[in-house]
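The hints should help you fit chain D onto chain Z, whose structure is shown.
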Amino acid sequence: MTGLDMFGIGPDGAEAILLTVQVAVVGVIASLPIGIALALLLARVDFPGKMLVDGLVHLPLVLPPVVTGYMLLEAFLPTGPIGAPLREWFGLSVLFHWTGAAIAAAVMGLPLMVRTIRLSIEALDPRIEHAARSLGGGRWHVFRTITLPLVLPGIAAGTALGFARSLGEFGATITFVSNIPGETRTLPIAIYSLLQMPGTEAEVMRLSIVSIILSLGALVLAEWLVKRRTA
Amino acid sequence: MSFDVAIGRVLGGMRFAFDFRAGAGLTAVLGPSGAGKTTLMDMIAGIGQPDSGRIAVGGRTLYDRAGGIAVPIEERRCGYIFQDGRLFPHLNVRDNLDYGARLAGGRIPPIGFDALVDLLGLRALLDRKPRTLSGGEARRVAIGRALLGCPAFLLMDEPLTGLDGEMKLDVIAMIAELRDRLPLPILLVSHDRDEVERLADNIVLVDEGAVIAAGEANAILSDLSLPLARAGDALVILKAAPVGYDADYDITTCRIGETFLQVPGRWDADPLVRLRIRAADVTLSKTETVDSALNHISARIVAAEHTRTAQMRVVLSLGDGEDGPRLLSSITRKSWDRLELAVGDGVEAAIKAAALAERRRG
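Heads up: the sequence lines are chains Z and D, in that order. The numbering used here puts the first residue of the first sequence at 1498, with every later residue one more than the last. The numbering used here puts the first residue of the second sequence at 522, with every later residue one more than the last.
Next comes chain Z alone, as it looks inside the complex (with noise of 0.2 angstroms):
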């Protein structure tokens, strides 16, 4: 990345970079249809065991990042209950592996992205939809035309509130898949590893400066697409 030349960041610093955004976006990306189910279950559906779901999801948020991560990877070793269906039948493994980063970032997020999204389903009169319903519209039809586009500015925040927390994530992302520079050594990793040497202070605070920037981003862009949605 050379563009990042000019601001003193090394190729170590820029690979870190590019590295979260990458973990962020994919891991965003790939828990936005389970938030939104799983906020659309919580917000619509009565169900037994919900407060179990409800407890579940919010764990990521109370727990240590430690324990979370060492969870995740006890889930995915290849004996795990998830790692050695997904090794027998895709021969894949996400340990020591960036997508195992964006695990790590998309459970982390998960919490505060579900949150903002229920609220904003809460907020829906759901007699607007009774309405739309009794104007000829199935289900799903009403879903994508009422529901979606008056809940999306919610569904745009929680995503940038997601993103934001997923910038940031350390503890659950070294504990699950460790420090390896250009495959999941992101940002706040690579601060970290770079405070463990001497000389080192510039970079540190270039790297810090740059992960202000970012997660200042996505929360002043999240806090704006609340305010539109209030409007």
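Because the hints were derived from the structure by calculation, they are not lab data. Even for Gly, the Cβ is constructed at its ideal location relative to N, Cα and C. One or more of the hints may lead you astray.
[As the list claims (entries may be wrong)] Quick list of simulated restraints, FRET-style, between CB atoms:
#, chain 1, residue 1, chain 2, residue 2, range
1, Z, P1623, D, G626, 22 to 30 angstroms
2, Z, L1649, D, D619, 19 to 27 angstroms
3, D, R649, Z, I1710, 34 to 42 angstroms
Frame of chain Z; chain D shown alone:
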């Protein structure tokens, strides 16, 4: 039968039991707030299912607990005009109007887009968003949206609430127009007697989640066992067919069975004229009289009751028999005794034609 309903439901600790049949035209459900009118509408629309019973509209069964039928909302083809409008906030007026039309498949709406937009006066509003509309404008858009969806029947939940003066009269005239022009069963919910008297062909009285009485408007309005006929300003609706127009005097002669009424103004373009005749505008006499009242018609007394101490409320059957359309008359008890009137007597009822003129519309 346009509406054939017999349903029960327990909702929020309240028990609802609605049982009525209504003939063609506009059926008005009249009752106080909290009587369950909207709950009834919702169940007919398919928003919320009854616990038991059966719903058929225009001969089509929409719900039948025993038969295992529950047609989903989107297949009932009800043009539901909600009390609160429920326009889609993210769509402009044009797209709101089009929403149902796009889902109607090949069906032709009862009235085309352009004709409807002009009828409802929406031309200038087409590009506006719902939040910029006034209450009356939003109501008209809601009515248009329901009609363009090619409904098989219309449900109107308090369509005049929140409208004032001129706007209210406009919407009343529009609903009357729909009622007379479209062959659709219409169910209109209201707590306002005046509204119902202007629009209803049939009336269903509800209170506390149950039907008190249901039937043709003329029969319900003249039933002394119901509060409507006993009210101080009680009136009946008569439907009359214009048979001739006298240009010299500007008076239309209208026929109800064997009875002829002279109505000021020219109405012979309409197939049917709705007359609202107040009890206070009808006087009784035993012999043929000559006075300034234009309409002297023979009728038979079928019921009479004291309303207040000095007043009698008399129910008349037009013509000689006892099965004719009903008319109400309000006279003093003193006159009743002086004329030595009794139930079963034939009398002559005088109706001031001037009173007919102002009450024809709506």
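### Query
Could one say that the CB atoms of L1649(Z) and D619(D) fall in the range 19 to 27 angstroms?
Holds: the Cβ-Cβ distance is about 20 angstroms, inside 19 to 27 angstroms.
#### Entry: I1710(Z) and R649(D) - C-beta distance against the hinted 34 to 42 angstroms
At 41 angstroms between Cβs, range holds.
### Query
Would you say the C-beta atoms of P1623(Z) and G626(D) sit inside 22 to 30 angstroms of each other?
For P1623(Z) and G626(D) the Cβ distance comes to about 26 angstroms; the hint holds.
In this structure, every one of the numbered hints holds.
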